[in-house]
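Enquirer: Since chain A is already given, all that's left is putting chains B, C and D on it; use the hints.
First to last, the sequence lines map onto chains A, B, C and D.
Following my numbering, the numbering of the first sequence begins with -18 at its first residue and continues without gaps.
Following my numbering, the numbering of the second sequence begins with -18 at its first residue and continues without gaps.
Following my numbering, the numbering of the third sequence begins with -18 at its first residue and continues without gaps.
Following my numbering, the numbering of the fourth sequence begins with -18 at its first residue and continues without gaps.
Hint data in this document are derived by calculation from the structure and do not stem from the laboratory.
Computed from a prediction, not measured in an experiment: that's the story for all the values here.
One or more of the hints may lead you astray.
Looking from chain C toward chain D, a few residues come up when the C-beta cut is under 7 Å (computed) [unchecked claim]:
1. Leu7
2. Ser39
3. Val40
Each pair of labels, with its calculated beta carbon distance range [stated by the list, open to error]:
4. C/Ser113 with D/Lys(-11): 39 to 49 Å
5. B/Glu79 with C/Arg27: 46 to 56 Å
6. B/Gly22 with C/Gly22: 46 to 56 Å
7. A/Thr(-17) with C/Asp19: 40 to 50 Å
8. B/Pro36 with C/Arg102: 18 to 28 Å
9. A/Arg26 with B/Pro36: 34 to 44 Å
10. A/Lys46 with C/Ser113: 29 to 39 Å
11. C/Glu61 with A/Ser113: 40 to 50 Å
12. C/Asp19 with A/Arg102: 44 to 54 Å
13. C/Arg27 with A/Asn94: 17 to 27 Å
Every residue gets a Cβ at the ideal spot worked out from N, C-alpha and C, and that includes glycine.
Below, each chain spelled out in residue letters.
Protein chains: 4
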Amino acid sequence: MTKPYIHKVKYYETDKMGVTHHSNYLRFMEEARVNYLDEIGYGYRRMEEEGLVSPVVSVNIDYKKATTFDDEISIDVKVESVSAVKLIIGYTMTCNGEIVCNATSVHCFVDKNSRPISLKRTRPELFELLSSSAIKN
Amino acid sequence: MTKPYIHKVKYYETDKMGVTHHSNYLRFMEEARVNYLDEIGYGYRRMEEEGLVSPVVSVNIDYKKATTFDDEISIDVKVESVSAVKLIIGYTMTCNGEIVCNATSVHCFVDKNSRPISLKRTRPELFELLSSSAIKN
Amino acid sequence: MTKPYIHKVKYYETDKMGVTHHSNYLRFMEEARVNYLDEIGYGYRRMEEEGLVSPVVSVNIDYKKATTFDDEISIDVKVESVSAVKLIIGYTMTCNGEIVCNATSVHCFVDKNSRPISLKRTRPELFELLSSSAIKN
Amino acid sequence: MTKPYIHKVKYYETDKMGVTHHSNYLRFMEEARVNYLDEIGYGYRRMEEEGLVSPVVSVNIDYKKATTFDDEISIDVKVESVSAVKLIIGYTMTCNGEIVCNATSVHCFVDKNSRPISLKRTRPELFELLSSSAIKN
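Bound conformation, chain A alone (with noise of 0.2 Å):
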């Protein structure tokens, strides 16, 4: 079980209504994920050096509650399922013990040439870790 991560909203995020821009949260997932990759011991850097790339295929956000300037949000990062060719992530966000934001985002897996390939054959390391993590959700 990895811990959530903490987004602490900067002032640049808010927009004229007051509030966390909605167009930041899906960077907050980002950042959530990048965060859990590291996490769980296999991190973007790496994966990038490696040449695997994970563009998102598509996202799904929900908006519960606004939240604004130095709002602690808490993100906890789940992997819902991952097979050989896509990840499907998924986060809840808090912020004083209120859900503010859930989403989910899926991911293929490509090559530096933007070819797609199997996680499972290319990555077993990888897809071992993602596969262990979506079993403990």
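Expert: Below, chains B, C and D without anything else, positioned relative to chain A:
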């Protein structure tokens, strides 16, 4: 029928993969929506001056193809549906004749104190404009 | 003489003070610079394809007046000076006829391996274009 | 003496040159300044609640060395000078022991209606905190 909104990708919107960072499409959606409301004659500025707020409740984004610096993304906005309490907007983004992104955003209507209001009752003019746009699709 | 570049302020560029966040002006400068190079006939894309990189060495920004959502900022770009190794660009931003921001950016020229190069010797055409722009100011 | 503020570079802060986009350093300055005020015991939130606004009047940024995704930038904040009407803050950013960026921001003090106010007279406590910080430098 409104004409598509054009967003030319800025250098600062790219990332180290060499493509437009996926979070920016959520911003392009907002730009195109703002432009759409201007086109149908009831802009954001007027909405804000009248105390009408239309927060984003949820978004769904499907990334089809990468774009990069200097690309011109053409964004077609459609009112999928509108009711007294909910507005669904669809976005089709193309670049060089190919679809690069499909997306949907769902909005509700609240007053300045974040209390839900009926668009149909409180802003019949805007409700009519959106409804007639929805029918044309 | 190139015509000014227009940036219409986006909702996501505002902050909770209700104005355009000051960091965005640095992005507007880049947008206007990119547009300027397009206008004089030697765009960023071509520069990049030819392996020419022109990093920002320093910037100076004076904020004169706040702007906000939907404002049209008109940005006038001028080559202040250009030498074999350094380019200085000046920006005057106005909105509704008033100056809102004055800025300067200093650039050097490097190749793909970040080694300094002489613009005059390696890209005489671009050097001439920038020099003749500087004289006109 | 406050401890340096750490900003770990996010993936979305890089650009297609593969480095941290230069505009983000202006955001890191804000983050570090906000953190600094928290550290000396008079945070932004309190300032805002009390109706004190401290707009950025000008900035100067010298880029020394590129950084990239996952780099930890350590930002040292110093009050260069403070008077009744003007605050000058200096920033030294290092990464892996090397200076990557030096910067300065100049601020004034206004009330909620954007009228200039004397910090010394209206907020003597904050004026004293900033003055004693300046002396220590």
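Enquirer: Can you let me know if the beta-carbon spacing of B/Gly22 and C/Gly22 is within 46 to 56 Å?
Expert: Because 39 Å falls outside the window, the suggested range is violated.
Enquirer: Assuming the hint says 40 to 50 Å, is it satisfied by the Cβ distance from C/Glu61 to A/Ser113 or not?
Expert: violated, 59 Å
Enquirer: Given the hint of 46 to 56 Å, check if B/Glu79 and C/Arg27 actually sit that far apart at their C-beta atoms.
Expert: With a Cβ separation near 23 Å, B/Glu79 and C/Arg27 fall outside 46 to 56 Å, so the hint is violated.
Enquirer: Is it true that the C-beta distance of A/Arg26 to B/Pro36 lies inside 34 to 44 Å, as the hint says?
Expert: holds, 36 Å
Enquirer: Confirm or reject the claim that C/Arg27 and A/Asn94 have a C-beta distance inside 17 to 27 Å.
Expert: holds, 24 Å
Enquirer: Looking only at beta-carbon atoms, does the pair B/Pro36, C/Arg102 fall within the given range of 18 to 28 Å?
Expert: Roughly 56 Å apart at Cβ, these two residues miss the hinted range, so it is violated.
Enquirer: Return holds or violated for the Cβ distance of C/Ser113 and D/Lys(-11) against the range 39 to 49 Å.
Expert: holds, 45 Å
Enquirer: Confirm or reject the claim that A/Lys46 and C/Ser113 have a C-beta distance inside 29 to 39 Å.
Expert: violated, 57 Å
Enquirer: Close enough to count: is the Cβ of C/Leu7 nearer than 7 Å to one in chain D?
Expert: holds, 4 Å
Enquirer: Between A/Thr(-17) and C/Asp19, is the Cβ distance one that fits in 40 to 50 Å?
Expert: Once the Cβ atoms are compared, 46 Å apart, the range 40 to 50 Å for C/Asp19 and A/Thr(-17) holds.
Enquirer: Tell me if the beta carbons of C/Asp19 and A/Arg102 are separated by a distance inside 44 to 54 Å.
Expert: holds, 45 Å
Enquirer: With chain D as the partner, please determine if C/Ser39 meets the hint condition of a C-beta pair closer than 7 Å.
Expert: Holds, about 5 Å.
Violated hints for the displayed structure, listed by number in ascending order: 5, 6, 8, 10, 11.
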